[in-house]
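My request is simple: use the sequences and hints to build the entire structure.
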Amino acid sequence: MNLNLSHPEWLVIVNPNAGNGKGKKEWNIISSALERNNLSHEVKFTSRKGDAIHFTSEAIDTGYRKIITVGGDGTLNEVLNGVFSSASCPPGEVTLALIPVGTGNDWGRMFGIPLNHEKAVAIIKEEKTILHDVGIILFHDGKEQKKRYFLNIAGLGFESVVVKRSNYQKDRGRSGKLIYFYNLLLSLLTYRNTRVELEIDGKKTSAEIFSVNVGNGRYCGGGMRQTPDAVPTDGLLDVTVIKNIGKFEIIRKLGILYDGTILSHPQIDGYKCKNLKAASDSVIYTEADGESLGHTPAEFSIIPAAIRIIYGTDIIQ
-11 MNLNLSHPEW LVIVNPNAGN GKGKKEWNII SSALERNNLS HEVKFTSRKG
39 DAIHFTSEAI DTGYRKIITV GGDGTLNEVL NGVFSSASCP PGEVTLALIP
89 VGTGNDWGRM FGIPLNHEKA VAIIKEEKTI LHDVGIILFH DGKEQKKRYF
139 LNIAGLGFES VVVKRSNYQK DRGRSGKLIY FYNLLLSLLT YRNTRVELEI
189 DGKKTSAEIF SVNVGNGRYC GGGMRQTPDA VPTDGLLDVT VIKNIGKFEI
239 IRKLGILYDG TILSHPQIDG YKCKNLKAAS DSVIYTEADG ESLGHTPAEF
289 SIIPAAIRII YGTDIIQ
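Numbering (the numbering used here), first residue to last: -11 to 305.
No lab work stands behind these hints: they were computed from the structure. Certain hints may be false.
Said to hold, decoys possible - With a cut-off of at most 30 Å between alpha-carbon atoms, the simulated BS3-like pairs for lysine-lysine come out as follows:
no.: 1; residue 1: Lys191; residue 2: Lys37
no.: 2; residue 1: Lys13; residue 2: Lys32
no.: 3; residue 1: Lys265; residue 2: Lys192
no.: 4; residue 1: Lys265; residue 2: Lys231
no.: 5; residue 1: Lys54; residue 2: Lys134
no.: 6; residue 1: Lys54; residue 2: Lys107
no.: 7; residue 1: Lys131; residue 2: Lys113
no.: 8; residue 1: Lys260; residue 2: Lys241
no.: 9; residue 1: Lys262; residue 2: Lys192
no.: 10; residue 1: Lys54; residue 2: Lys262
no.: 11; residue 1: Lys265; residue 2: Lys235
no.: 12; residue 1: Lys54; residue 2: Lys131
no.: 13; residue 1: Lys113; residue 2: Lys54
no.: 14; residue 1: Lys191; residue 2: Lys235
no.: 15; residue 1: Lys54; residue 2: Lys135
no.: 16; residue 1: Lys192; residue 2: Lys37
no.: 17; residue 1: Lys265; residue 2: Lys152
Now the structure itself:
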């Protein structure tokens, strides 16, 4: 394959619909900041789901090794999956950067990527990098097994129902933290805890569960800390299992979803592992980085030090 070595240093993939249209509205501000910082770049605008995967894979095949995502966690997830869908180079040779304009911006929050575009571009210009672990989820869509890579948090159960409902509204132009919180409370009315068979690094357990979160990162759902101790460079997944907890108890203890104390609740277990399998007689939906996927049976695993990312704040220190 002939590589195009004359292209700009960076490919910028913009989701114009991110953040309820913020990607489009603020692109001129972001573009000016990139120009002022002398970051030579080519721009691609997405128009539908999957575009960022295709643009990324194609760019890597033509020689790009540095990619900026202008969007939210979902767009970043597509870019990540585009990196892994290309066979042109090892993923660890690719550098990813983020200018957050999404609704939740949870991955950027963990690494101190500011919402101020000038400051976010300055961080990219500085180009401090670490090798970041990457999670894998194998899930089912009907009888077909599929694979998705994730950078931040994946899971199954209640969170996936909320994500599914929120993404449905997002596709119709309604998004925001209040919309997500509304969907969280609305989903509580109809959600039923489900018995799940879990296998954590080979050890089997069974429980009625509310949700299972599998974290490479610490934040989800616009600031919730469901895997508060996750370190994205330790080669391990942090797993939080919320067991058979009542709806009124969830509402009463809603604060622990946000303040980092979730693992102190007696009905919530935390694990660190390299592999998690989940199966159930019922259909339990899955999600990764805020993107609705399929359903159980599902398997989660980790690839240590798999991709290079640009960060603002080193959370390891």
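- Please name the hints from earlier in the document that this structure breaks, with their numbers sorted from lowest to highest. Going through the list in order, the structure violates hints 1, 7, 12, 16 and respects the others.
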